[in-house]
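*Asks:* Protein chains in written order, with this note's numbering: chain A, 1 to 143; chain B, 1001 to 1476.
These aren't lab readings, by the way, just hints derived from the structure by calculation.
All C-beta atoms in this analysis are idealised placements derived from N, C-alpha and C, irrespective of residue type, glycine included.
Careful, some of the hints might be misleading.
Where chain B lies over chain A, by a calculated footprint (3+ residues, C-beta under 8 Å) [claimed, not checked]:
{"id": "1", "stretch": "10 to 18"}
{"id": "2", "stretch": "21 to 32"}
Over the 12 Å line for every Cβ pair with chain B, so calculated as not near, a few chain A residues [stated by the list, open to error]:
{"id": "3", "residue": "M1"}
{"id": "4", "residue": "V37"}
{"id": "5", "residue": "E45"}
{"id": "6", "residue": "G49"}
{"id": "7", "residue": "I67"}
{"id": "8", "residue": "I89"}
{"id": "9", "residue": "V111"}
{"id": "10", "residue": "N138"}
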Amino acid sequence: MRSIIVGVGNPLLGDDAIGLEIARQLRSMGYNAKEAVAGGIELAEMIAGYDFAIIIDAFHGVGIKEISIDEYEESVANHDISFPSAYKILARYIKMPEVKIIGIGIKKIEVGEQLSSQVEMAIPAAIEIVEKIMEDKNVAGEG
Amino acid sequence: MKVSINPITRLEGHGRIDILLDDEGNVSRAYMIIPELRGFEKFCVGRKAEDMPIITARICGVCPEAHHVAAAKALDMAFDAEPPKTAKMLRELLYNAYMFYDHCLHLYYLGGIDVLLGDVPKEERNVVGLIKKFGVTLGKEIIQHRRYAMEIVKMLGGREIHPVAAVPGGVSKGINEEEREEIEKKAKSCIQFAMKSMQLFKEIFSTPKWNELLGLDAIKTYYMGLVDEKNRVNYYDGKIRIVSPKGNEIAKVTSKDILNYIEEHVEDWSYVKFPYLKQIGWKGFVDGEDNGIYRVGPLARLNAADGMNSRAAQKEFEEFRKNGVVHETFAYYHARLIEMLNAAERMYDLATSNEITGDDIRAMPSSPGEGVGVIEAARGVLIHHYRLNSQGIVEMANLIVATTNNNAAINMSVANAAKKVIKKGKVDDVILNKVEAAFRCYDPCLACASHALGHSPLIVRIYKNGAIYHEARRDA
């Protein structure tokens, strides 16, 4: 099974970068994990052709939760082609993976390059969730 | 009465269109508001110069390649490090791939829908409606060729979407023969697809509907674009040529001098400034030779140039410019198509050059100083200006982005279209879409214009007698 993990966020917007940081850590653990400072059609194009994809992104709220494709509106660049629309359009013509979206709750987005300590604390739990999903899919540690 | 379109759909970034109606329900005034500014330039101060091509590419997810290369060009000048020929060719190759896929996005997913589908119901006004009308094969080809161009960017830029390869004085990686062959193959296919796209759109261009769109807005402005030594369009390098509404050259300057030609007008209702030509002056939101408002982007580039640097695109250019300067705002689409074809041909020409696989790809930087990098983003002229201290730290950064350059013209186009389509207070979705369509011609990126660094939807509001009469919201 070909799998990909994509962390989404903007590294210049403080806690918005949490998805990027988790992707970096997962990559160092041997996963095929990438970072995307983009959303919508670009994100959908990034995961096209894989069998399975995990997207990790920040959401305004608390905790860690799974988000459905329809609920997911990435917040980096305001493309009118949102990720849910882009995914569905591409799925008509090319192979699109089964997708799980993991949201990490953040309080606010402000200019800066540091994660708040509160959001950083969510990283181990988020990684554990991703590893469990990958294990269930039998794709643990795939490079 | 005041109508607001906020946020503007099928665009990147954030904004609001306000339309004021008089007592009869006709448009008295319309303008576009970008209510957010977060001081990106200040954020850059104190950074290491070599980080700028990476940092500025994060401004938004829309045209990172343009910021990446503009920053690298500004640093070439700041460090007095002229890149070797192969390095310039590699940057230009990456850049044409970006131009191709960005134009492809706008023509098929965003603004081009207005041209290809016209006044269809809102729920069909998207790429799905497009494929329904033109067939599944087209859908597959759109996806495939955007992907080809993105793969070329990845190959040359070192990573997907946000390239990292351009460094002061050149690029950090070259390509081998195997990669070159792959690029050549993909570029060839992109040329075929661009030609097919041209035919598809040209069928629309011969219909009365197209003339109706052209009639929505035509403004006689100055035009600005990068040209090579033969005055042909070049997205990556050259001099900035400015022509009058009649097409007469009024200036042709190096990137170092361009800032001497631009002044910025401020309005209290807009955070984004209104650049104009200093030597002509600011006379308000009116067109004509006496006012310094200029346009940038595909239409402006083709008006500011005498030709294209590739075969098929040159033929198309000759047809496009056969009657001289083109002022109709919807002609941006025709110009964009010609550029998409040109970008594909240029990719092919560069990929088939013997020098593209050379290994002399970087000049060593000398002492840091001041630098200006000018490039043609898909949306128009993009200027990065940095001053570095003796340690190579950014002391001052100023970014003039394409959408800011077009700000005055966009406001005029929105007002003209609104005046044409809103009569006696009648407003519906199709009418408002036409007002937005005038704005979309420019393919603006408002996140970039306001340096907003984030999510920003758009709204249209119509006001009458000081109260909101109608509101339409367009979320991403």
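*Asks:* Broken hints, numbered, in rising order?
*Replies:* 2, 4, 5, 6, 8 and 9
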